[in-house]
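J.: Sequence:
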Amino acid sequence: MAGRLLTREEDILNRWKEYFAELYNPTSAKHIKLNEPTDNESNTISTTEVTTAIKSLKSGKAAGVDEIRPGMLKSLKSGGVDWLTRICRVAWTT
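Under my numbering, think of the first position of the sequence shown as 6, with each following residue one higher.
Simulated from the structure, these hints should not be mistaken for lab results. Incorrect hints may appear among the rest.
[Unchecked claim] List of simulated lysine to any residue pairs, SDA-like, C-alpha gap at most 20 Å:
(1) K82 with T57
(2) K60 with T98
(3) K79 with S61
(4) K60 with I50
Whenever a hint applies, use it, and build me the whole structure from the sequences.
T.: What follows is the structure, given as structure tokens:
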């Protein structure tokens, strides 16, 4: 039916049935390869990742639903970043 204009209601309904059958019941499954962490990598969030994320925040923006402004995070010293990293790890693993 490719390239043909469907005008009859029955043909249109049948095409929609075909479309959804192909969409929800694929005959050729796509394989997605997930990168497993190597011995040198861990599956946890690092302090470096948190520091990089904090540095990438735009200054002067309004607080989100957590009421934390970007400037508050940017003013954290190393101890604060360590605590934030721990919180992120807990959130990531639960």
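J.: Is the hinted pair K60 and I50 satisfied, with a Cα-Cα distance of at most 20 Å?
T.: holds (16 Å)
J.: Is K60 within 20 Å of T98, Cα to Cα?
T.: Violated, at about 24 Å.
J.: For a C-alpha distance cap of 20 Å, please report whether K79 and S61 respect it.
T.: holds (9 Å)
J.: Taking only the CA atoms, is the gap from K82 to T57 under or equal to 20 Å?
T.: holds (14 Å)
Checked against the numbered hints given earlier, the structure breaks only hint 2 and satisfies all the rest.
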